[in-house]
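> What follows is the residue order along each chain.
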Amino acid sequence: MPEFTLRAFADQLVNGLVIGNIYALIAIGLALIFGVANLINFAHGSVYMIGAYVGWVCVTGLGWSLGPTFIVVAVVCGVLGVLIERFGLRRLQSEARIAPLLATIGISFALDQLVQLIFSPNPQSFPSPLPATRVMLGGVSIGALDALIAAITITIAAALFAFLRFTRLGWALRATAQDREAAQQMGVDVNAINALAFAVASVLGGIGGVMIGMYFTSVYPTMSYGAMVKGFAANLLGGLGSVPGAVIGGLLLGLIETFGVALFGSTYRNLFTFVILIGVLVLRPTGLFGAQRAMPPEPLTGTFVANSKPVRIPWFVAIGGLVAAALLPFISSNPYLLQIFTNAWLFAMLALSITLVTGTAGQMSLGQAGFLAIGGYASALLAMRLGWPLELSLLAGAAIAAALGTLLMWPVFRLRNQYVALATLGIGEVINQIILNWEGLTNGVLGLSNIPPLSLFGLPIVETAPIYWFALAMLVVAALFQWRLTQSHLGRTWRAMREDEVAARAFGVSLHRYKALAFIAGGLIAGLSGAFTAHMYSYINNETFAATTSILGLTMVILGGMGNMSGAVVGAIALTALPELFRPLADARYLLYGVVLLLLVRFRPQGLLGTV
Amino acid sequence: MALLEVRGLRREFGGVVAVDGVDLTVEAGETVSVIGPNGAGKTTLFNLITGLDKPDGGQVLLDGRPITGLPPEELAALGIARTFQHGRVFGNLSVLDNVLIGAHTRQAAHRLRAPVLGMMAELALALIQPPAWREERRRLREEAREVLALFGDRLLPRADQPAYSLSYANRRRTEIARALALRPRLLLLDEPTAGMNPTETAEVLEFIRALKGRGLTILLIEHKLSLVMQLSDRVIVMDDGRKIAEGAPQSVRDDPKVIEAYLGHKRQVGDARDAQPAGEDDRRAGRPQARPASVS
Numbered sequence: 001m002p003e004f005t006l007r008a009f010a011d012q013l014v015n016g017l018v019i020g021n022i023y024a025l026i027a028i029g030l031a032l033i034f035g036v037a038n039l040i041n042f043a044h045g046s047v048y049m050i051g052a053y054v055g056w057v058c059v060t061g062l063g064w065s066l067g068p069t070f071i072v073v074a075v076v077c078g079v080l081g082v083l084i085e086r087f088g089l090r091r092l093q094s095e096a097r098i099a100p101l102l103a104t105i106g107i108s109f110a111l112d113q114l115v116q117l118i119f120s121p122n123p124q125s126f127p128s129p130l131p132a133t134r135v136m137l138g139g140v141s142i143g144a145l146d147a148l149i150a151a152i153t154i155t156i157a158a159a160l161f162a163f164l165r166f167t168r169l170g171w172a173l174r175a176t177a178q179d180r181e182a183a184q185q186m187g188v189d190v191n192a193i194n195a196l197a198f199a200v201a202s203v204l205g206g207i208g209g210v211m212i213g214m215y216f217t218s219v220y221p222t223m224s225y226g227a228m229v230k231g232f233a234a235n236l237l238g239g240l241g242s243v244p245g246a247v248i249g250g251l252l253l254g255l256i257e258t259f260g261v262a263l264f265g266s267t268y269r270n271l272f273t274f275v276i277l278i279g280v281l282v283l284r285p286t287g288l289f290g291a292q293r294a295m296p297p298e299p300l301t302g303t304f305v306a307n308s309k310p311v312r313i314p315w316f317v318a319i320g321g322l323v324a325a326a327l328l329p330f331i332s333s334n335p336y337l338l339q340i341f342t343n344a345w346l347f348a349m350l351a352l353s354i355t356l357v358t359g360t361a362g363q364m365s366l367g368q369a370g371f372l373a374i375g376g377y378a379s380a381l382l383a384m385r386l387g388w389p390l391e392l393s394l395l396a397g398a399a400i401a402a403a404l405g406t407l408l409m410w411p412v413f414r415l416r417n418q419y420v421a422l423a424t425l426g427i428g429e430v431i432n433q434i435i436l437n438w439e440g441l442t443n444g445v446l447g448l449s450n451i452p453p454l455s456l457f458g459l460p461i462v463e464t465a466p467i468y469w470f471a472l473a474m475l476v477v478a479a480l481f482q483w484r485l486t487q488s489h490l491g492r493t494w495r496a497m498r499e500d501e502v503a504a505r506a507f508g509v510s511l512h513r514y515k516a517l518a519f520i521a522g523g524l525i526a527g528l529s530g531a532f533t534a535h536m537y538s539y540i541n542n543e544t545f546a547a548t549t550s551i552l553g554l555t556m557v558i559l560g561g562m563g564n565m566s567g568a569v570v571g572a573i574a575l576t577a578l579p580e581l582f583r584p585l586a587d588a589r590y591l592l593y594g595v596v597l598l599l600l601v602r603f604r605p606q607g608l609l610g611t612v
Numbered sequence: 613m614a615l616l617e618v619r620g621l622r623r624e625f626g627g628v629v630a631v632d633g634v635d636l637t638v639e640a641g642e643t644v645s646v647i648g649p650n651g652a653g654k655t656t657l658f659n660l661i662t663g664l665d666k667p668d669g670g671q672v673l674l675d676g677r678p679i680t681g682l683p684p685e686e687l688a689a690l691g692i693a694r695t696f697q698h699g700r701v702f703g704n705l706s707v708l709d710n711v712l713i714g715a716h717t718r719q720a721a722h723r724l725r726a727p728v729l730g731m732m733a734e735l736a737l738a739l740i741q742p743p744a745w746r747e748e749r750r751r752l753r754e755e756a757r758e759v760l761a762l763f764g765d766r767l768l769p770r771a772d773q774p775a776y777s778l779s780y781a782n783r784r785r786t787e788i789a790r791a792l793a794l795r796p797r798l799l800l801l802d803e804p805t806a807g808m809n810p811t812e813t814a815e816v817l818e819f820i821r822a823l824k825g826r827g828l829t830i831l832l833i834e835h836k837l838s839l840v841m842q843l844s845d846r847v848i849v850m851d852d853g854r855k856i857a858e859g860a861p862q863s864v865r866d867d868p869k870v871i872e873a874y875l876g877h878k879r880q881v882g883d884a885r886d887a888q889p890a891g892e893d894d895r896r897a898g899r900p901q902a903r904p905a906s907v908s
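Protein chains in written order, with the numbering used here: chain P, 1 to 612; chain A, 613 to 908.
Just so you have them, the derived chain P footprint on chain A, three or more residues with Cβ under 8 Å: (1) 693-704; (2) 713-721; (3) 739-750.
Think of the hints as simulated: they come from the structure by calculation, not from any bench.
We treat Cβ as the ideally placed atom computed from N, Cα and C, and that holds for glycine.
Construct the complete structure from the given sequences, taking the supplied hints into account.
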């Protein structure tokens, strides 16, 4: 642990407050949108990232000074915010709250990938055009950029406060946030107010992006994700939807993070964020300063399950498809094709697990990749350290994933709707962070290499075709397992719980128990897939099963139809194989995923084969 | 001993006293109705009895055993079933599956109560499905169809259709069927005829009469007074969270306090029949509505 002098303490304090200022800017934007539209906006981080890139182009590319740069950033991001609201979300207002949330995930995928395509995924250097001189102020060193960031944030917060408090438009915005219908009756154009909230929030996010780009002297496409999660954490800390709460939450988060990093090291940076996120959600969902009021429950169902008659796949079609899949290695010996389909089967298992948890049991999980990771690491470590035979380590990996993953997901069980999505995302990340930081066990960032290859009864399976068959066989077993469960009383109970938790409880359904059972059953399948992946690649690290994997799996499930098992497999094939088969698509696959998600939510919420 | 006894039950919502020291008893085999103007606290009372809401004071006893504040899933296992004022069928489940959820607490799996081991056992049994398990499944299905058959040809031909595709009246019937499948010792019906036309209402009346004839104990909230007068053994009148009258239907009907509560001035209650549409009252009192958090 580093020596902690008063001087160092003061410096960290300034660092923490400066970072906290930027988190506050992001959090204010999220708070505005949550307040007015009752929506957790996952696209906010992307707007922030685009703001950073626009700033970088202006300053580094065009050599502009900061004044005009901020104006251009504000205009571009403001317009972007309005476009997102108008074309991405307005039509979804009457849907379950999770629908626009999914749409914002789609938008964020698309925007992030667009920026990657234009500017490459590599970080770009963004030196601050400000003088590097630092002023000593009572023993504390403050740079020009620090002062600028503080000045801008304080000015913006004050201006926003005055706007909300003293202008008619500000009143209209607050009125809409309090009671949308009443505001509409009083003649407020609530759609315009929605657009305004998105515009203001996006301007703030974009400016925050430029400042953080200069502060860390680089911009990169994936910066959006971290910023978004920090914004959520800050916002939750102060109370979702509260603007003053967002400011205080942002500053607190900045301080906690900075001091945490100073004490424990930089790899812990994100762990604090996620632990705060989950801790607040579970212990005090209204935030530190929020009114002690119950979370607004959605009337009846809040899940994303459209009414539809699912397409029944006749048994002979299913058998025919399976036979065709089994014969694929004889039809084509192209190893590349087989690898793609092996991947598709592994993804199909993830999709099955998500369709069980999210589709059948109604728990919107954005953290399902955490089960893959636990399964992968558990099986790899059992085989490497304890020399377990592969059959045993695969099964043990699946079981550990189910048990440990469900235990970690336990805090989510008392939450509903959007909060479930946010909390599962956070828990997925916590799993990732633990893997990153528990170096003695997981080897940290270096990952595990030389994982024993796949084998069966002592015979190594290293050729492409046998691996393909192995994966297919596991998928079949997993699907039969899941089919058996969904056809039993469990399936009925899960679906009842998804449709209406209150009515289900009134008839004796213990929600925690059946949520846990869904996560256990899904966790077994996902864990098995993760374990297989580890041995197949013989190398994994904390990024093998990233958060985007969870969302990709969810997109597959929505594409196929929530709760629909054949839909999950079809969705997995479509989203894994298609981008590979049409090579030009491969580089833009996340753009494709994002657009597919957006279009599905808007035009075909029941997916291709219908929800079950 | 009364089957259900409520003593001094009280529930406040931020200063508004929705249920204010209500006492009531329901004897086994009795049909008791709770009436009162909108906002009187009837549905809140139901929510407190069925565990969906926790009282701030008072006691609820079933067979003399205190059940105050128990969670709804345990009360269901003790034989308390209910329907909901605004209808809460499981839209994407078939009618038959809706009814089978009603029988949830009667499944063998429900007896596997141990926290972790019970869960594992339930998972294993669902996977293996031993013969006894399948026999139970067959028996419950048969029974669910018998319950559906009570409604003539209203529900049975639609047993495999998703509930969202049903007409409004059929959804309400499904809800009653679901409650009956629990084999309740006490059935709470929250405005079973809300939004129904006179023919449908008459049908529900006959249906509840038949249930009564089978010895079922029923606690009923209803606005349609003619139905209340014909069905009830006793009527409890609530206003402003308090019980203001109780007794035989006829005596309650002529009670000046009741007439005043309904109309504010003297007039025959019979004229007020159905004057109050199925109301916003309980929504305001009972369940907080979804509303965006405010920006302050």
